[in-house]
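Enquirer: These protein sequence lines are chains A and B, in that order. So the first sequence is numbered by the numbering used here: it starts at 1 and just counts up by one. So the second sequence is numbered by the numbering used here: it starts at 1 and just counts up by one.
Be a bit skeptical, because a hint or two may be false.
To be verified - Below, computed lysine-lysine pairings styled on DSS-like, alpha-carbon distance capped at 27 Å:
id: 1; chain 1: B; residue 1: LYS275; chain 2: B; residue 2: LYS78
id: 2; chain 1: B; residue 1: LYS162; chain 2: B; residue 2: LYS275
id: 3; chain 1: A; residue 1: LYS187; chain 2: B; residue 2: LYS3
id: 4; chain 1: A; residue 1: LYS187; chain 2: B; residue 2: LYS162
id: 5; chain 1: B; residue 1: LYS3; chain 2: B; residue 2: LYS275
The hints are simulated quantities; they were obtained by calculation from the structure and are not laboratory data.
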Amino acid sequence: MQPFSIVSGPAAPLMRRDIDTDVIIRVERLNAPRAELGQWALEPLRGPDFILDQPTFRGAPILLAGANFGCGSSREHAVWALQGLGIRCVIAPSYGDIFFSNCFQNGMLPVTLPEAAVLSLAQQAADGSAVTVDLRQSVVTAPDGTQHGFALDPIRREMLLEGVDELGLTLRRMPEIAVWQRADAAKRPWAVTHPERISL
Amino acid sequence: MAKTLFDRIWDAHVVADLGGGWALLQIDRHLLHDLSGGPALADLAGRGLSVSRPDLCFATPDHAVSSQPGRTGDTYDKGAGLYVGLRDGARDAGIPFFDLGRRGQGIVHVMAPELGITLPGTTLVCGDSHTCTNGGLGALAFGIGSSEVVHVLATQTLRQRKPRQMRITYDGSLPFGVTAKDLALHVIGTLGAAAGVGHAIEHAGPGIAAMPIEGRLTLCNLSVELGAKMAFCAPDQVAVDYVRGRPLAPTGDDWEAAVRDWAALRTDVGAVFDKEARFDLAAVPPTITWGTSPEHATAVDGSVPDPRTLSDPAGRDSWQAALDYMGLRPGQTLCGTPIDWVFIGSCANSRLSDLQDAARVVRGRHVSRGVRAWVVPGSVEVSEAAEREGLPDLFRAAGFEWREPGCSMCVAANGDIVPPGQRSVSTSNRNFVGRQGPGARTHLASPATAAASALAGAIADVREF
Numbered sequence: 001m002q003p004f005s006i007v008s009g010p011a012a013p014l015m016r017r018d019i020d021t022d023v024i025i026r027v028e029r030l031n032a033p034r035a036e037l038g039q040w041a042l043e044p045l046r047g048p049d050f051i052l053d054q055p056t057f058r059g060a061p062i063l064l065a066g067a068n069f070g071c072g073s074s075r076e077h078a079v080w081a082l083q084g085l086g087i088r089c090v091i092a093p094s095y096g097d098i099f100f101s102n103c104f105q106n107g108m109l110p111v112t113l114p115e116a117a118v119l120s121l122a123q124q125a126a127d128g129s130a131v132t133v134d135l136r137q138s139v140v141t142a143p144d145g146t147q148h149g150f151a152l153d154p155i156r157r158e159m160l161l162e163g164v165d166e167l168g169l170t171l172r173r174m175p176e177i178a179v180w181q182r183a184d185a186a187k188r189p190w191a192v193t194h195p196e197r198i199s200l
Numbered sequence: 001m002a003k004t005l006f007d008r009i010w011d012a013h014v015v016a017d018l019g020g021g022w023a024l025l026q027i028d029r030h031l032l033h034d035l036s037g038g039p040a041l042a043d044l045a046g047r048g049l050s051v052s053r054p055d056l057c058f059a060t061p062d063h064a065v066s067s068q069p070g071r072t073g074d075t076y077d078k079g080a081g082l083y084v085g086l087r088d089g090a091r092d093a094g095i096p097f098f099d100l101g102r103r104g105q106g107i108v109h110v111m112a113p114e115l116g117i118t119l120p121g122t123t124l125v126c127g128d129s130h131t132c133t134n135g136g137l138g139a140l141a142f143g144i145g146s147s148e149v150v151h152v153l154a155t156q157t158l159r160q161r162k163p164r165q166m167r168i169t170y171d172g173s174l175p176f177g178v179t180a181k182d183l184a185l186h187v188i189g190t191l192g193a194a195a196g197v198g199h200a201i202e203h204a205g206p207g208i209a210a211m212p213i214e215g216r217l218t219l220c221n222l223s224v225e226l227g228a229k230m231a232f233c234a235p236d237q238v239a240v241d242y243v244r245g246r247p248l249a250p251t252g253d254d255w256e257a258a259v260r261d262w263a264a265l266r267t268d269v270g271a272v273f274d275k276e277a278r279f280d281l282a283a284v285p286p287t288i289t290w291g292t293s294p295e296h297a298t299a300v301d302g303s304v305p306d307p308r309t310l311s312d313p314a315g316r317d318s319w320q321a322a323l324d325y326m327g328l329r330p331g332q333t334l335c336g337t338p339i340d341w342v343f344i345g346s347c348a349n350s351r352l353s354d355l356q357d358a359a360r361v362v363r364g365r366h367v368s369r370g371v372r373a374w375v376v377p378g379s380v381e382v383s384e385a386a387e388r389e390g391l392p393d394l395f396r397a398a399g400f401e402w403r404e405p406g407c408s409m410c411v412a413a414n415g416d417i418v419p420p421g422q423r424s425v426s427t428s429n430r431n432f433v434g435r436q437g438p439g440a441r442t443h444l445a446s447p448a449t450a451a452a453s454a455l456a457g458a459i460a461d462v463r464e465f
């Protein structure tokens, strides 16, 4: 996974609330190869005025969004589709829980800032002026130099900075997991399954 | 210290404390469906890994298969590869696969409780955000993304950060004609679609104790539309009675041990939640959505709100965009708005009790001319139980189409779509832009309201039927 440290560049404003993952990537597109999802990102919002098609914001690495961004379906394709547009960081007042966690699996940084701060960034960045997101310092710097500190769970922060693969870490613990599961099976005999009881 | 139900289930599944509020959690049950299951199994194989505990995984096609009567895995040709991928991937890994037409096939969140796969006090995951449905039985159940699906397949564990906790307490009982679905929409409309973000929600109180399991499953299903990926109800005697005797439920001494363990799954008096809310069930009206977020909900006899009454610009823009998409005007009454489609189905409302609710309204009447109305049972079990009661004939005689079990028109990833610009009253859980097909206009409602609307040819108040 690509590590994340500092990203700087245009920040495209998409300030509507509750932009769901069905809007970020339509269900018909989930069959497309991952590398091609970007062309379908935010499809229902596209039109002549689509912000990410404007010369100022084409390829912008930062997306500014309204509250509850990425609510809805668990499809990780939503993150891949945004990445396909070149986005590496989203800044919004809040996120759908599953989308939020999917971001960290893919080296995408979802920054949580108060609505007023996101709106102020959107105003300042409207002409394409660069916004800088520094994960090591946990600070977003607006074009006029205003700094917005953001909170992020330290473990998630570390994972992004290092580009850590969760699965790789857990695989190292397989012996420990097996021991735990054996003890658990004795404690909770009812939780084992009996697939043979149902005729397939 | 006083503990919550959530603390108890969480603590019992911590394989390793990873520090900072993170834990490596044992996953007791993993449901796989065609849309994400096959690709995840292929991804796993591509990494040279195998399924760690196939005995804890269960697979069935639901998302990308057509619901057309007589359908096969390739009736919807774009889903054929996903169907085969899940079937063959499950077979190769030794994972039970509940195939089309066979007992057990259905929407994952309908078949799992029915078969006794979902048990109180277990952790259950699936690559689907409505996995929280299973919390209705007192399981810690939540949706996960593709990477996490692969993680569970490979290790039967997940790295999770303990969420904050929220409790919603319900007093009183629901009025005539009002169901758990109306309640769920009312709660989302009142608290907002982001109220539960970052929280695990316990639905509690006398209103839950008096609610059948099917209603609890519906309420927990819609909790992700409140922003929470996990929601649950404490498993009481009603839950124990529901699980007893299900095909995969524990038996004998295991059953006795289970019931003893489940009796401890309670929230202590004095336990503290990060957030609380309270609702009086007697005050809940039949509820329907008018916009493109489940929080855009109002009483069925209410009217479309005016975006100009909102002070914040982002909210105003969202409401205006929703009205433009839905083709509605501020102040317009919802009742009487002509409709084109009715869909009764989805993991929110496709259980036997939902079909019975709709049937009570429909009996002896006919779908309005110009309306297409579908009933899509949630599983083969539901379909067979409905047949024993004569429901398919009742619905067909009334002009409904009776179809095969699956997600159908809720996810519209299977050829079952509402055409562009057409208006649908749907018992599903999402009214997002394009959710039921590009340009489709969705009003979420209960099965009874959907049935009444099909008969009226317009959004209808079921209390008048």
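Enquirer: Regarding the pair LYS3(B) and LYS275(B), is the alpha-carbon distance no greater than 27 Å?
Expert: holds, 15 Å
Enquirer: Compare the distance between the alpha carbons of LYS187(A) and LYS162(B) with 27 Å, and conclude whether the hinted pair is satisfied.
Expert: holds, 23 Å
Enquirer: For the pair supplied as a hint, LYS187(A) and LYS3(B), confirm whether the alpha-carbon distance does not exceed 27 Å.
Expert: holds, 21 Å
Enquirer: With a cut-off of 27 Å on the C-alpha distance, tell me whether LYS275(B) and LYS78(B) pass.
Expert: The given pair, whose Cα atoms are some 44 Å apart, is violated under the 27 Å limit.
Enquirer: Can the restraint linking LYS162(B) and LYS275(B) be considered satisfied, given a maximum Cα separation of 27 Å?
Expert: OK: LYS162(B) and LYS275(B) at ~15 Å, within 27 Å.
In this structure, only the earlier hint numbered 1 is contradicted, and the remaining ones agree with it.
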